[in-house]
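Peer 1: We have chain R; now place chains A and C onto it with these hints.
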Amino acid sequence: MFIPHTPSETEEMLRKIGVKSIEDLFKDVPQKYRFPKLNLPEGLTEMEALAEMHEYASSNETVKGLLSFLGAGAYHHYIPAGVDSLLRRAEFYTAYTPYQPEVAQGTLQAIFEFQTLIANLTGMQVSNASHYDGATATAEAGVMAYHNFRGKRPGILLSSAVNPQYREVVCSYLCGYENINIQTLGGDFTLPGNPDDLAAHVDAETALVVVQYPDFFGRIFDLTSFAQKVHEKGALLAVVTNPIALGLLKTPGEMGADIVVGEGQPLGIPLSYGGPYLGFFATKKEFARKISGRLVGETTDAQGRRGYVLTLTAREQHIRREKSTSNICTNQGLMALAATIYLSLVGKSGLKQVANLCFQKAHYAADVLGQIPGFSVLSDAPFFHEFILKCPRSVDAVNAHLLERDIIGGYDLGKDCEALVNHMLICVTEMTSKDDIDYLASILEEVSHD
Amino acid sequence: MNVPENLKYTHSDEWLAIDGNVATLGVTDYAQDQLSDIVFVEITVDKGDSIKKLTHVATIESVKAAADVNSPISGKITEVNESLSNNPELVNNEPFGKAWMIKLEIADQAELSSLMDAKAYAEYCSTRGH
Amino acid sequence: MTEPTIYELSSPGRTGVRFPEPDVPLTHLPQSLMREQLPLPELSEMDVIRHFTHLSSLNYCIDGGLYPLGSCTMKYNPKINEETARLEGFAYTHPLQPEVTIQGNLALMYDLQETLKEVAGFAAVTLQPAAGAQGEFTGVMIIRDYHRSRGDAKRTKILIPDSAHGTNPATSAMSGFEVVALPSDARGNVDLAKLREVCDDTVAGLMLTNPNTLGIFDENVVEVINIVHQAGGLVYGDGANLNALLGIVRPGDLGIDIMHFNLHKTFSTPHGGGGPGSGPVGVAAHLADFLPTPLVGILEKATADLPPLYGFIKPPKSIGRVKSFFGQFGMFVRAYTYIRMHGPEGLRKVSEYAVLNANYLLAKLGDAYHLPYKRTCMHEFVVEGCWPDIPDVHALDIAKRLMDYKFHPPTNYFPLIVHEALMVEPTETESKQSLDAFAEALLAIAKEARETPELLKEAPHDTPIGRLDEVKAAKELVLCCWLPEEN
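Protein chains in written order, with the numbering used here: chain R, 363 to 812; chain A, 10 to 139; chain C, 1284 to 1770.
Some hints could be false.
Pairwise CB distance ranges (calculated) [said to hold, decoys possible]:
| # | chain 1 | residue 1 | chain 2 | residue 2 | range |
| --- | --- | --- | --- | --- | --- |
| 1 | C | E1769 | R | N541 | 54 to 60 Å |
| 2 | C | H1744 | R | T586 | 50 to 56 Å |
| 3 | R | H509 | C | V1481 | 40 to 46 Å |
| 4 | A | K61 | C | A1464 | 35 to 41 Å |
| 5 | C | M1317 | R | D565 | 30 to 36 Å |
| 6 | R | G380 | C | K1689 | 53 to 59 Å |
| 7 | R | E780 | C | E1480 | 35 to 41 Å |
| 8 | C | A1464 | R | E780 | 19 to 25 Å |
| 9 | R | A762 | C | P1599 | 25 to 31 Å |
| 10 | C | T1439 | R | R512 | 19 to 25 Å |
| 11 | A | T87 | C | E1480 | 57 to 63 Å |
Please keep in mind that the hints were generated in silico from the structure rather than gathered at the bench. We put the CB at the ideal spot given by N, CA and C, even for glycine.
Okay, chain R solo, but in the shape it has when bound (with noise of 0.2 Å):
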């Protein structure tokens, strides 16, 4: 274990402390429930330990090991050996929030970089340090559309083509807001259409509007006509996107959106089962001082130095207290350094690459599979890497084949969709060769003959 004391050693600082026994210092405690006996495994070695670590893990089938084609929110990209090489240096990874500058430079400039790059990417002005995923990072631009009209305009709408579970995290975030009104359109129970169709339902009550881009579904949709009409009511629109499509794509910033969000994981991330992640906030300049959660600012110091600091840190918990908007303290620190290390690495010609063999594969799948008797790819709109694949039989079914086949199919569309029933949400990235796509093809074809 990791106490260093020898016995002499605790002996003395005892006699320093002036009590008998380290059980002395726990007299506080009320004496019927001190010291309990734990129910637990006695301890291990590094060595025993590792190796139990290593049979948990081992008894998980991994997207290396079998084929995946599974997105919906968290995607297997290559991580450049750049990016973990730089995550493991102790400076980085065992220091804390970076509260004393003069002795964090290091935290704080990576972190005023990764505001740098994603407010670049996403075509907005600024952003913050960072949230904890893409969905409370959505949340947060619920409460800052809330708290910007001051609770006078209480509505949120939700398009029913953004990851459902972030609709469920936004829900969960603004129910206690006092006269909250949050509705989720565009066709719970059909697939939703062109987020066009939900300008009608915005008013001079709606705070915010939020849509994905590319949408849960993997399809692109001009946001610019819609943000006007947002705009015209007077509302805010925030746009939930993906950082790698922002490689190739038109960025929400151009088309007019007010709040950008998303999740981070593909920019050099694993995805370890779904955290730790990452999630990004950007916004326009005039937004700057509603943003919650922690900046860092440019400043310098006496001898006129350039420098950074965490700055608007009055508007934070632990000094408004009650009255701040956001209860964010620790943020994803090390995941942001591992996005600003990735974009850095890959930078402007490999994130285009990327999202280029992201595009260019999941069409070659789209075509393919969806020239497969009893299959066929619903799309009414441009994609990215992500397509909705209608299926002949259940989506369990078809999935369960291919798991005997060491395919990880596609994502089930029908627990969120009625109307989408035995329809599976296929990703595509770069990790993915035309013989894998040919493979998943091959073994459809058994399934359409079944």
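Peer 2: Below, chains A and C without anything else, positioned relative to chain R:
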């Protein structure tokens, strides 16, 4: 510390200038001194709003603290000082002048009676140390 | 030396990591949907590696030295945790994989849930919350829904002692509750008389940090909890300070109804320069039905030949989801590795030595620094960072001067109830020698404060950069190093 004679004061360090049925509200020299460098001011009510006594009308922030400004009286907001959002340092430099925050039509003159005059406020400040 | 930003280091046309050409026939995305500019930096791989290596050298970290941030539990982060979390069987699993393909993850989560229940004395645990603050949020929503489910709509207040973490009132307000602050008594405990006075049928609950942020164990904790329970309220325990209690006392045994754990404090997962944290929540039996969805359960019991079948279950009255997927899984692996290495005796030893270290340091500093509440402390303590005879020297100056002695400063100006607070938490992993060196530095600074105060006022002298102009940062609000419209 400056405590102008002709104003009314609250225990939470707001001042009011009364002109007929219109009141102008700001924060005192003592308040700005306690907060030190003000970096941000946000007026949280709009022109035309009718507010009740103790409504939160503005937030002011320094790097280490934030304070709420509440109106000690009820009334209808007739003007808000838009210039403060871009010039928060006015609160430090001219707390009783250019850093006024809102003007309002007084709804109930009786509410003024609970306010302190300059002498009482100066005494109150002296009891708080610093 | 100032390190240039990645945008300053960028050279147009330079490339870093490249990717293969497409192996499929090409499709064209309509031009109208494509972006024109992609303003990302252009660097070589070595440019990037050097840049971040330079940046890392500007940080203080636990691996470099004692990091006594009160309330943050900056203990040693064992290297083995980093290995286990990166095992391929964990790192390459997708959160939406079929349950049968993911039995190892589910088993680990189940075992961690069971372990946390045992450690803190609760009936059920969710691992979903992403950090302590989100755990609190989860807890307060459970309090709200519990009362609502009983048709008890008038409970609108949450009581919070003035010694609580700032997240407590922020969380309560976010959840729609009115916050009522409770004063501390002369010994730093919750003021019982005041508590009795405010406890009525409008109180939904009390948020209690014990040991509190003064590092003091509330001697009346059982009575505090009883008073709230008798009024029909629930008691939330802030588990940020659990590092003092492992094997010492189980919060659930004391009557606490809900508590969050901070895996990144108590169970050694790294703080990562500000996250990720991980904030599982434990509850007593009457609240188990309200936990966020999903939880890991056993769907089919083990048989002679087969291990149990694990799967997700949805508590019947669940407050819903607070985060996507299941929580900060990578942190579960690290924390569980740590717990398995300790076992019951090891965990108790953690808290015993955390408390020994804090009391030892306090004993060494007690003459030079004023201690507002003179009592045995738990895993941390708070002293005043100022002296009446030298009014110009502040806690901030002491904190900054400590950097010249190559130590990270303690938490300062928190808790708010202590004037010029310095909040020190050494943790159990510091040796006596390390504590002695830290105490010597603080004693030397106390001497300097009288003899050469300018050394403190101008500190730090020996860091990569001096004290920074925070007013300028907040006013000018430069949040990006490069934007297209500025170039």
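Peer 1: Checked against the structure, which of the hints given earlier come out wrong?
Peer 2: Hints 1, 3, 4, 6, 7, 8, 11 are the ones this structure does not satisfy, whereas the remaining hints hold.
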